[in-house]
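Enquirer: Can you make the complete structure from the sequences, with help from the hints?
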Amino acid sequence: MRDDRTNNATIAGVIDTLTLDQTEKFTEVGPFVQLVWSPVANVTLNAGGRYDWVTFDVVDRHFADGADNSGSRTMHAASGQVGVSYGKSDLLVPYVNVSTAFETPTTTELVNQPGSTGGFNDQIDPQRAVSYELGARGRIGTSVTYSVAGFLSRITDAIVPYTEIGGRAYYENAGKLHNDGLEVGLSVEPVRGVRLFGSYTYAHYRFEDYQRVNGATVDTLDGKVLPGVPKAFIRLGLRTSFLGRGTFDVDHTMSSSVFADDKNTLYVNGWGSKANGAPEGFGKGVTNLRVSWDQPLGAGRIAPFLGVNNLWDKQYVGSVVVNGFGGRVFEPAPRINLYAGAEIGWATR
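Under this note's numbering, the letters of the sequence shown match residues 56 to 404, in that order.
Simulated from the structure, these hints should not be mistaken for laboratory data.
Be aware that a few hints might be false.
What the hints assert, rightly or not - Across the chosen pairs, the derived CB separations fall in these ranges: (1) Val-249 - Asn-269: 47 to 57 Å; (2) Gln-350 - Leu-291: 37 to 47 Å; (3) Pro-94 - Ala-395: 42 to 52 Å; (4) Ser-154 - His-259: 16 to 26 Å.
Please read all numbers here as calculations on a predicted model, not as lab measurements.
Glycine is no exception: its CB is placed at the ideal position from the N, C-alpha and C atoms.
Expert: Here is the structure:
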């Protein structure tokens, strides 16, 4: 990947002095292997391994600051996964997985530095995680499917935005994160051609071993909730077919309130509700719908579709700017909007 990046200072919204001009290159090599084995009937083992070698290069073309900040950074690590499932019948298939992960900073996270200098921030390192998952999935009869899973992750050197100035976020490694959660899904077909589905996600993400220098003091943020991540999501939906080729989908999604800063003093309501709300309260939710038609066309097919997002035209905060400067953390979601398109496919002989 190559990115030609420039930053400019602005005065009253008008572009002024050039502060950064550089070319960034991102190169990654990641060989991997995945194995699946059934040592005995009904038992499936799976394992995988990967080695990532990532190089960031930057060529500085802005010398007004009197420095050439060209350079490179290389990050590399091994990661893996192992799991086992038991499937004697479709009614219940329990499974367990253990995995490790390695995640580098993005070029944006590396470039943004409070001093507005060029080059890469050499104070940010990759974050690493060890995750455990225990769950089960199954089918009851021909009309009901379900899944349930509990997970926990232990992340070290977590990359988080610690401040935002002038619309630009700045990042650092923030000690440790403990991410625990639960996911439940259910799908029911009460009559032929009509399917109801629902899902619930609970996420308890929090800082551990996280101290931040704040002037002459040090803020200890152990136990604080990770900002920007709702504690819960609920999604309900319906899919039905009509006239043999048409499909109608509608879904309604609700989220809990979310904190917008590391200290957990700023929060906003969940999706579909205005302004601030009580922590952990649910928003009213947002409804989307989509209609499509699958039409054969010679040796192929064409499937035009039309969709509406935010059907009830809710005004709400779609996301937050974590640790936004001066408490400016709101990012409004789009109002009601329509989209249309078509999927085209064909068969080759």
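Enquirer: Tell me the hint numbers this structure goes against, listed in increasing order.
Expert: 2
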